[in-house]
Amino acid sequence: MPIKIEHMSHTYQPGTPFKSDALEDIDFTIEDGDLLALIGHTGSGKSTLAQHLNGLLTPTAGRVLVDGQDINGKDVNRRALRQRVGLLFQYAEYQLFEETVYKDIAFGPKNQGLSGEKLDRRVRAAFDKVHLPPETLEKSPFELSGGQMRRVALAGVVAMEPEVLVLDEPIAGLDPKGRDELTEIIHELHRGGVTIVLISHNMDDVARIATKVAVLERGRLAMLGTPREIFSRGDELEAMGLDVPQTIQLCRALRAGGLEVPDCLTGEELCEAICAAKGVPSHA
Amino acid sequence: MLKDITLGQYYPVESFVHSLDPRAKIVLTIVFMVAVFLGSSLFAAIPIVLFILLTARLANLPIKMLLKGIKPLRIILIFTFVLNLFFTAGDTILVEWWKIRITREGLMSAVRFSLRLVFLVTGASVLTLTTQPVALTDGLERLLSPLAKIGFPAHELAMMMSIALRFIPTLLEEADKIMKAQMARGADFESGNLIQRAKAMVPLLVPLFVSAFRRAGDLAMAMEARCYHGGRGRTRLRILKLGKNDLLAALGTCALVAAVILIG
Amino acid sequence: MEELILQAENVSYAYEEEAAPALRDVSLGIRAGEMTAVLGHNGSGKSTLAKLLNGLYAPTAGKVTVCGMDTALDEYTWQIRQAAGLVFQNPDNQLVASIVRDDVAFGLENTGVPSEKMPAIIEKALRAVGMLEFIDRAPHTLSGGQKQRIAIAGILAMRPRALILDEATAMLDPKGRQEVFSVVERLNREKGITVVWITHFMEEAARCRRVIVMDQGKCVMDGTPREVFSQAEKLRSLRLDVPPMVALGDLLRARGLNISRDAMDVESMAGEVLKCQ
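Chains as they are written, first to last, in my numbering: chain F, 1 to 284; chain P, 1001 to 1264; chain B, 2001 to 2277.
Hints are all accurate, no fakes.
As a list, the in silico DSS-like pairs of lysine-lysine whose alpha-carbon atoms are at most 30 angstroms apart:
#1 K110/F - K74/F
#2 K1199/P - K139/F
#3 K118/F - K1199/P
#4 K103/F - K118/F
#5 K212/F - K2175/B
#6 K1180/P - K177/F
#7 K110/F - K139/F
#8 K2175/B - K177/F
#9 K1244/P - K2117/B
#10 K4/F - K74/F
Facing chain B, from chain P, some residues (calculated, C-beta under 10 angstroms):
#11 G1217
#12 A1222
#13 A1225
#14 C1227
Where chain B lies over chain F, by a calculated footprint (3+ residues, C-beta under 8 angstroms):
#15 143–154
#16 257–270
It is worth saying that the hints were derived from the structure and are not from the lab. Using N, Cα and C, we set each Cβ at its ideal position, and we do this for glycine too.
The whole structure should be built from the sequences, with the hints applied where relevant.
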């Protein structure tokens, strides 16, 4: 189910000078099976764009087409269409409200009209995907650690079985262990067939798991391509105030020093490239 | 959505009224309100209107800003007017039609009460439009401090007000975010009857309260870490000093009271 | 011997009597002018340590001293909190006033500084964190990094000897993180303020002079960044990240390349790779 964004613009409070988080003429398509990383610094419009993908915000110009249908169109079932795109907000642990983790995860699918055994299956399937200890299911979400609460919130969105999952900085504020675990869960969801849009500041993660990268700069789509294509334009990224993964930085430094290595996204890849360039036999 | 609500709308310009001591402004606003109640004849409204116009001029406030303050009141205003118009007993009948009877006394009291309401709200808005919230809480604390001797929590009350002012924008933003997050999970805040709507608020209110408590805990800890230990031995950044202008303002307000009493 | 600004001797702390202690028998000393990073995943006792080091909590067992003052004694409470300032994680939850100027004044008001002396101190503190031009702004109109710098200015105004930052950059974007870290680094370098920098970010720890790693309420590693990060296996077993260049160094050494363990950032790694045969 591709999401096609057609010449979309958004202006907050049109007519006032406050336009910092607006979007201008965004035009690209999120294809089935993508793990699209959306990068850009704070205020570049990433979160605004994310909220357009499931109709929480309505574009001031242009359209968002989900499966060929305008999600803000008059003749379509907007509610149903929007629910095919799940959205997890930043610091999502603060949206939990139910007495038990089970009930909280059930909130979304219940709103979709599910009940009984069907609902139960949904909740348990979503809970399994976020790898929490089984006894947490009947606990109060407020007894859990911050990282665990965030995973419950993710399960709450996954339980609605969206075809596209939009995640707004899902690892922000977590400790290294929490970051790794959640990144792995996202990776697994993607492998399980969910299209993912990931807003992230962590370039090393983006380089490792994304299939495509879109760079936003002051509300405009500045670049779109594979991680390798995008990160090979390191100078431009740095000019926008964005980080470049350390592996790429090293590749550039090595080439500047006369050692020809291609741009590499992971440590393993880079190790092979250095060994090859140095003439070290592979798998010594 | 929720972010559009503006609170404590301070109008940031420089003026005679802006420069007054907040304590003077609070007291004079109260005196003004008393004056509004002293006048019983309609003619008493004349000096009051003049006083308001003069104050607005001295405060560099466009009249539009004052009218904006009255706008949210229009329902109550109409209600007050209609209630007084039809339910005040009187002898001089102006209009009589079927069971409805409008008397001269009714009309007078309708106009009087509506005007009073408008004047009171205008007086309060001049105060908040020309005084920074921080100065307002400071002034209030200083005014109430004599009561602290008999155990009235003047400092605590002012501290609570200033913390509330600090956190209103933060919590509004948060409420907006939680609402959107629940809407993304299919929550519906906009349709259904009253009970359904009230029930729909639970997923918004529970996280909002949990968050407010968490913030309160964090803030208490941060305040303690910065040596906060109540009002005792505390000095203040803002030194409040009554000056010549405050005296002028006080005289002006006294003149208003005198005029209202004379007219009756 | 250098002066120990913050010292913990065999300190344990439990939130409730029955509960498992959050800190177990921790002993450490922070020397004057030092910039120390504290690493460890959530629940390792880092935040508890921070709150013990400025007397917000009194130890269940053992002794904590700040500039020689015992935190368990009530008479020193305010002097201790003034000497060892604490900056918290959430930028929104530690600013008290609705105007920057008044917020920076908060600590001064609490400690009874005369009103006429405040404006100069406030301006100096705001200048030190590069936020002087925001003196009349409302906190909610500032970015996360800016709010944290205001929080730091509020502490600086009280002229502390030490600054303890409890994951002060955890909720910030990369730009805000960089802003706040640079400000603190400069305060340490130029004003000689002792810094305890609690963090989850290895690259920040790599820029400190000393790194302490906590796990299950204990201090498990303590040394220079080089000494700590060269033990990649141990860090991984503690579920902490290893800086990418350290991980790459391990891979290259496994393939027989002669790469120094000191290469922890891109620059030194590039030098090592280009140099080796």
